[in-house]
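Student: Sequence:
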Amino acid sequence: MTKSVAVVSLCFSLGLATAFPANGYANCEGIAGAAHFSLYKNRQATFNSVADADYKQRYEIEWFVGSKSLGSVTKNGDEPYVLEGSSFSSLAFSVTGYYQEGNQWSISHHKIFPGRDGGIQVRFEDGTCDNSFDTSPDLKVIINIK
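Its first residue numbered 18, the sequence shown is counted upward by one per residue in the numbering used here.
Simulated DEER-style distance windows between Cβ atoms:
| id | residue 1 | residue 2 | range |
| --- | --- | --- | --- |
| 1 | ASN120 | LYS58 | 35 to 45 Å |
| 2 | GLY144 | GLU101 | 27 to 37 Å |
| 3 | THR145 | SER106 | 37 to 47 Å |
| 4 | SER89 | VAL67 | 15 to 25 Å |
| 5 | GLU118 | ASN44 | 12 to 22 Å |
| 6 | ARG133 | TYR57 | 18 to 28 Å |
| 7 | THR152 | LYS85 | 30 to 40 Å |
| 8 | ASN120 | LYS163 | 35 to 45 Å |
| 9 | SER55 | GLN121 | 24 to 34 Å |
| 10 | SER153 | LYS92 | 19 to 29 Å |
| 11 | GLU118 | LYS58 | 35 to 45 Å |
| 12 | SER84 | ARG133 | 25 to 35 Å |
I should point out that these hints are in silico values taken from the structure, not numbers from a laboratory.
Being a predicted model, the structure only gives us computed values, none of them experimental.
Ideal Cβ positions, reconstructed from N, Cα and C, are used throughout, including at glycine.
With the hints as constraints, model all of the structure from the sequences given.
Tutor: Below, the structure written as structure tokens:
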């Protein structure tokens with residue numbers, strides 16, 4: 018009886034290990050998805066980016082009033098963008114990083130850091146989960162608000 022319980026437990030454990038491999042639980046730091054910010058009336062946001070990765074990188078900027086999307090733009094890593102000021106009292110925007118693996122684009126993890134010149138840095142990491150936000154982020158988007 019004890020032997021059959023042990024065999025059933027072993028089979029159950031092997032089944033779980035096959036269904037949920039250990040690499041599915043990699044320790045990825047950061048947040049998967051968009052980083053959200055607010056832009057006050059008549060302010061302009063300038064986005065500069067630097068890509069340093071094995072995979073192709075891009076980022077998407079989407080701007081909102083309340084929960085209504087007013088538009089979006091997608092730029093490749095190393096391409097700048099300027100979001101002009103708005104006459105609305107407040108404009109929200111989000112920045113989402115992506116990396117390409119094969120033909121598929123996936124959402125990157127991000128962390129937010131202060132910029133050297135008073136701006137904001139959103140640093141993105143691809144799916145390797147090497148947690149290189151501090152030393153060598155795969156994509157860095159620098160936001161300056163004027």
